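Trainee: Residue numbers (the numbering used here), protein chains in the order written: chain A, 1 to 346; chain B, 1001 to 1583.
It should be emphasised that the hints constitute simulated quantities derived from the structure, not laboratory data.
Since this is a predicted model, take the numbers as computed values, not measurements.
Please note: incorrect hints may appear among the correct ones.
[Stated by the list, open to error] List of simulated lysine-lysine pairs, PhoX-like, C-alpha gap at most 20 Å:
{"id": "1", "chain 1": "A", "residue 1": "Lys-232", "chain 2": "A", "residue 2": "Lys-289"}
{"id": "2", "chain 1": "B", "residue 1": "Lys-1205", "chain 2": "B", "residue 2": "Lys-1168"}
{"id": "3", "chain 1": "B", "residue 1": "Lys-1410", "chain 2": "A", "residue 2": "Lys-323"}
{"id": "4", "chain 1": "A", "residue 1": "Lys-55", "chain 2": "B", "residue 2": "Lys-1136"}
{"id": "5", "chain 1": "A", "residue 1": "Lys-232", "chain 2": "B", "residue 2": "Lys-1168"}
{"id": "6", "chain 1": "B", "residue 1": "Lys-1566", "chain 2": "A", "residue 2": "Lys-232"}
{"id": "7", "chain 1": "B", "residue 1": "Lys-1199", "chain 2": "B", "residue 2": "Lys-1168"}
{"id": "8", "chain 1": "B", "residue 1": "Lys-1230", "chain 2": "B", "residue 2": "Lys-1099"}
{"id": "9", "chain 1": "B", "residue 1": "Lys-1230", "chain 2": "B", "residue 2": "Lys-1168"}
{"id": "10", "chain 1": "B", "residue 1": "Lys-1116", "chain 2": "B", "residue 2": "Lys-1410"}
{"id": "11", "chain 1": "A", "residue 1": "Lys-29", "chain 2": "A", "residue 2": "Lys-97"}
{"id": "12", "chain 1": "B", "residue 1": "Lys-1116", "chain 2": "B", "residue 2": "Lys-1199"}
{"id": "13", "chain 1": "A", "residue 1": "Lys-97", "chain 2": "B", "residue 2": "Lys-1136"}
{"id": "14", "chain 1": "A", "residue 1": "Lys-55", "chain 2": "A", "residue 2": "Lys-97"}
{"id": "15", "chain 1": "B", "residue 1": "Lys-1338", "chain 2": "A", "residue 2": "Lys-232"}
{"id": "16", "chain 1": "B", "residue 1": "Lys-1116", "chain 2": "B", "residue 2": "Lys-1136"}
{"id": "17", "chain 1": "A", "residue 1": "Lys-97", "chain 2": "A", "residue 2": "Lys-127"}
{"id": "18", "chain 1": "B", "residue 1": "Lys-1338", "chain 2": "B", "residue 2": "Lys-1566"}
As a plain string of letters, each chain reads:
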Amino acid sequence: MIHLSPLTLIRRERILPVQGRILVRVGQKISANDVIAESFFVPELITLDVAQSLKLTPRQADEYLEVQTGDLITEKTIIAGPAGVARRVIRAPGDGKIIQAENGRVLIQTYKNPFQLKAGISGEVVKIIGHKGVVIETIGALIQGMWGNGKIGTGIIRVVAIEEEHELTSSQISETMKGTVMFAGHCSNLSALLACEKIQLGGLILGSLECALIPAIQNLPVPVMILEGFGKRALSVATRELITTNEWREGALNACSWDRIRGSRPELVIPLQAPEGVTIPQIRVRLEKGQRVRILHPLRSNDIGEIQEIGSSMVLLNNQRVKSAVIRLSNGKVTIVPLANLELIV
Amino acid sequence: METPHSIIAIDIRSTSTRASLFDIVDGKYRFIAQGDAPTSAYSPINDIRYGVLQAVRELENITYRSFFDSNEEWIFPNKKGMMDVDGFAATISAGRMFKIALVGLSEEVSIASAQKLIRTIPCEITNILSLNDREKIDTQIRNLLQGEPDLILIAGGTDQGASHAVMKMVEIVRLANYLTPSERRPGVLYAGNQEIQNKVSTALKGVAKVEFLPNIHPRPNFELLEPARKEIVKQWIEHCIQNLEGAKELDSFIGNTLIPSCSGFGRVIRYLSHVVTYEKGILGVDIDAQAVTIAEAYEGELSLVVYPEFALSPTNKRILDDSLLSGIQTWMTIELSKSKISEYLANKCIYPGYIPIEKEEQAIEQAMVQHVLFKASRHASHHFSKGSRLNSRCFSPAFERILASGNIFKQGADHILSGLLLLNGLQPSGVCTLVLDQNQISSVLGSVGNLNPMMMIQILESDAFISLGTVISPVGEIKDGEPILKIKIFSEEGRKDEYEICKGDLTVIPLEYGRFVQMYLQPLHGFDVGMGSPGRGGKLTTSGGMLGLIVDARGRPLSLPIDGMKRVEQLETWRSRLINKEI
Chain A
1 MIHLSPLTLI RRERILPVQG RILVRVGQKI SANDVIAESF FVPELITLDV
51 AQSLKLTPRQ ADEYLEVQTG DLITEKTIIA GPAGVARRVI RAPGDGKIIQ
101 AENGRVLIQT YKNPFQLKAG ISGEVVKIIG HKGVVIETIG ALIQGMWGNG
151 KIGTGIIRVV AIEEEHELTS SQISETMKGT VMFAGHCSNL SALLACEKIQ
201 LGGLILGSLE CALIPAIQNL PVPVMILEGF GKRALSVATR ELITTNEWRE
251 GALNACSWDR IRGSRPELVI PLQAPEGVTI PQIRVRLEKG QRVRILHPLR
301 SNDIGEIQEI GSSMVLLNNQ RVKSAVIRLS NGKVTIVPLA NLELIV
Chain B
1001 METPHSIIAI DIRSTSTRAS LFDIVDGKYR FIAQGDAPTS AYSPINDIRY
1051 GVLQAVRELE NITYRSFFDS NEEWIFPNKK GMMDVDGFAA TISAGRMFKI
1101 ALVGLSEEVS IASAQKLIRT IPCEITNILS LNDREKIDTQ IRNLLQGEPD
1151 LILIAGGTDQ GASHAVMKMV EIVRLANYLT PSERRPGVLY AGNQEIQNKV
1201 STALKGVAKV EFLPNIHPRP NFELLEPARK EIVKQWIEHC IQNLEGAKEL
1251 DSFIGNTLIP SCSGFGRVIR YLSHVVTYEK GILGVDIDAQ AVTIAEAYEG
1301 ELSLVVYPEF ALSPTNKRIL DDSLLSGIQT WMTIELSKSK ISEYLANKCI
1351 YPGYIPIEKE EQAIEQAMVQ HVLFKASRHA SHHFSKGSRL NSRCFSPAFE
1401 RILASGNIFK QGADHILSGL LLLNGLQPSG VCTLVLDQNQ ISSVLGSVGN
1451 LNPMMMIQIL ESDAFISLGT VISPVGEIKD GEPILKIKIF SEEGRKDEYE
1501 ICKGDLTVIP LEYGRFVQMY LQPLHGFDVG MGSPGRGGKL TTSGGMLGLI
1551 VDARGRPLSL PIDGMKRVEQ LETWRSRLIN KEI
């Protein structure tokens, strides 16, 4: 199920990987880039080779240790020494805890660089979930994608090239775009991506991407979301309309990777004024007649259509029979598609 | 407990859940029907029971039988509600990948054995930490932590052997676990020097739940994996139960007999090796969106290897892997660039359940099957049982039977295509029979065998499995076009047909499905047909399959033209030689 909605109530649970500190309170208005919680998930570790630094054997060095396992230390605390004629001492490089102090070696866990959980959407905190996370709500347009590079950003939405044949090029990217969330139909050149990084773009939404650029995009600090898939492909009319009608509005791009188990997908949220009665879309678990679906095509542009009938079967080129649905495409044509190749649009 | 005679067996795979019904027909156990539904382990349902329910409901519709009462409040089968069936079995392979970190002394010995051990389940290796690792301790710990393993397997040291070095590695594990928040700490399996179990237990007290296994390398040059395998499977099931909503209830419902799909498949192959073989082993291949399983058994000795890296839905990391793309391109029957192939894989990676419908899509999938079968079977051959390895005189061991399972071979699939995929991918040698599990029931039959062994036996011998035919693959060196094998076929009516096979041929000899004939093979020029030694021939009895009798004299390994156009032509020529020969 993919969300493509001009106006909806959006509720997102943002959870830390392990328990930590919640930095916001219920009722607080937050922006997508705000850090809402933090925890020490993968701690920073530093090894101090005391023996080598003091030019002693490990056993000798242990005699000069001023700390022991479990000690909490602050920056510049003496770890070992003074030793030798020069009365050398070794000091803590920062605040932390001694994890191990033996064999002429001291292992310190520092409390620098905690894992910081960003809000991902702009909205209001409606619930705190213990020490684990928060629930955020907002009303606005919602456009979900297929793939994201794991980064989060915000900015004014700008459209530079809407058709798939309108490729993003570095010449389209100027300093005036700095901080914006830019949309382009397709990207197949690295220089355009590097230009996005250079001007510190707030985010990049692409209809499609040349898959050879996946590694480059994964390392790009700019959040990137792909809407239709890899390889050159056209954007659906519905998505195109939703993006163009929201140009110049502020958007929050959470380009998280798609987690099939949790159900989180990369998405662009555009907060809008809230009329009465906007609700969260109903979760649907099965395909039914009348529903709008995306028809997936790994080697060409996806289609959008409406289910006319479910339960028919289709014979594939290798003679296998699969469960299918009859779909009326947006151009009026009718086709049969395996159920597995349909994605429900809500 | 009474033996059940009517069983519903569920197989929960990554993309689909299948419910199969087995029952008595005319006094024999038979596969009756199968219902399927998308696996519901994922958002927004996040409960495998929904998919199970839908699959069983479809089974009800197909068979016009009622397995549950009509209470609409009912959400999961219970013994009171279930009707018309008296047994329930299940296998599973869906869910988040089980992540394991390996810690050992040397990469060549303890880590190699540990890798072999965990290959029997679908899992991802997050880190390998050994004495060969020269990183600083903080980096080693950070690497362990960043991998976020579900389990750490420690191996190393023979019994009465190394202890200090092992404890050094245990200390790294202790520190890593100490630094991991308690709710995320991985369990530890210790399969090293048994003499220091107490020390290991003391070192890890309070930071890890430790399970002790028999040493997988108790003596130098002696590997003992079998006892530890059961524990690894147990850990995998525990991971599944903890991470998949509904798995605990399903396991409890079937009397805690839930097993991984690959284990069920392995049991069937092991069983077949007991009853079918004549001095040869059995090979099984199961191709899934999430992994390829290669099971080999010889006289009850099973070698089971699971390859998530050869899954038909590759991970993001592999879609640009040039060796994968070149491998797929080798088997493409239409010319397609690597970038187009990688585009398909990248999109398939997002939608692993996608069913290929267009010509190019099917060509990529079929090429991928041949590539992964070749790669996985080549790699797995190093793990094959001693008996099978002794049968390996040339390219690969000669097997009595090759059983293939997977979506691509399921009911209705083109038999010629299935045969070609197996011949090209596995490249068997000697004489063997190709059998298709067209209903994809072999994994669950392994589980059914626990409840009613006779049911498993009779169904394996039934027409639920389809024979493509006997394949004769002579192996040797000579130029194409030279005669390498003479075949005489004696029919029951006393007719004698003679055939001369030349190097490079791919020939189908017409032979009706199920019809038995006597056959005499006489290899020429020292070619080996797996009858004892190169050049040696002999008599054998065989029966026809869906494709008749296949003689694959193309040589081993198959040699394909480097030029793309010529390669495509060659593949098409081979295919055309089998077309219209179907019996």
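Trainee: If a hint holds in the structure, say so; if it does not, say that too.
Mentor: Right, here's what the structure says about each hint:
1. About 31 Å separates the Cα atoms of Lys-232 of chain A and Lys-289 of chain A, which puts this hinted pair outside 20 Å; it is violated.
2. A C-alpha spacing of about 16 Å is found between Lys-1205 of chain B and Lys-1168 of chain B, which places the hinted pair at or below 20 Å, so the restraint holds.
3. Of the supplied pair hints, the one linking Lys-1410 of chain B and Lys-323 of chain A holds, its CA atoms being roughly 14 Å apart against a limit of 20 Å.
4. Restraint check: the Cα-Cα separation between Lys-55 of chain A and Lys-1136 of chain B comes to about 19 Å, which is no more than 20 Å; the hinted pair holds.
5. The hinted pair formed by Lys-232 of chain A and Lys-1168 of chain B fails the criterion: a straight-line CA distance of about 53 Å is larger than 20 Å.
6. For the proposed pair Lys-1566 of chain B and Lys-232 of chain A, the alpha carbon gap of about 29 Å is over 20 Å, so the pair is violated.
7. Of the pairs offered as hints, the one joining Lys-1199 of chain B and Lys-1168 of chain B holds, with about 11 Å between alpha carbons and a cut-off of 20 Å not exceeded.
8. For the suggested pair Lys-1230 of chain B and Lys-1099 of chain B, the alpha carbons sit about 17 Å apart, so the restraint of at most 20 Å is met.
9. Straight-line distance between C-alpha atoms of Lys-1230 of chain B and Lys-1168 of chain B comes to about 27 Å, which puts the hinted pair past the 20 Å bound.
10. With a C-alpha separation of about 30 Å, the suggested pairing of Lys-1116 of chain B with Lys-1410 of chain B is violated against the 20 Å cut-off.
11. About 36 Å separates the Cα atoms of Lys-29 of chain A and Lys-97 of chain A, which puts this hinted pair outside 20 Å; it is violated.
12. Of the supplied pair hints, the one linking Lys-1116 of chain B and Lys-1199 of chain B is violated, its CA atoms being roughly 26 Å apart against a limit of 20 Å.
13. Distance check on the hinted pair: Lys-97 of chain A and Lys-1136 of chain B sit about 18 Å apart at the alpha-carbon level, within 20 Å; holds.
14. Annotation: proposed proximity of Lys-55 of chain A to Lys-97 of chain A is violated, straight-line Cα distance about 24 Å (limit 20 Å).
15. At most 20 Å may separate the alpha-carbon atoms for a hinted pair to count; Lys-1338 of chain B and Lys-232 of chain A meet this at roughly 15 Å.
16. At roughly 27 Å between alpha-carbon atoms, Lys-1116 of chain B and Lys-1136 of chain B are farther apart than 20 Å, so this suggested pair is violated.
17. Taking the CA atoms of Lys-97 of chain A and Lys-127 of chain A, the gap is about 33 Å. The hint is violated against a cut of 20 Å.
18. Of the pairs offered as hints, the one joining Lys-1338 of chain B and Lys-1566 of chain B holds, with about 17 Å between alpha carbons and a cut-off of 20 Å not exceeded.
Checked against the numbered hints given earlier, the structure breaks hints 1, 5, 6, 9, 10, 11, 12, 14, 16, 17 and satisfies all the rest.
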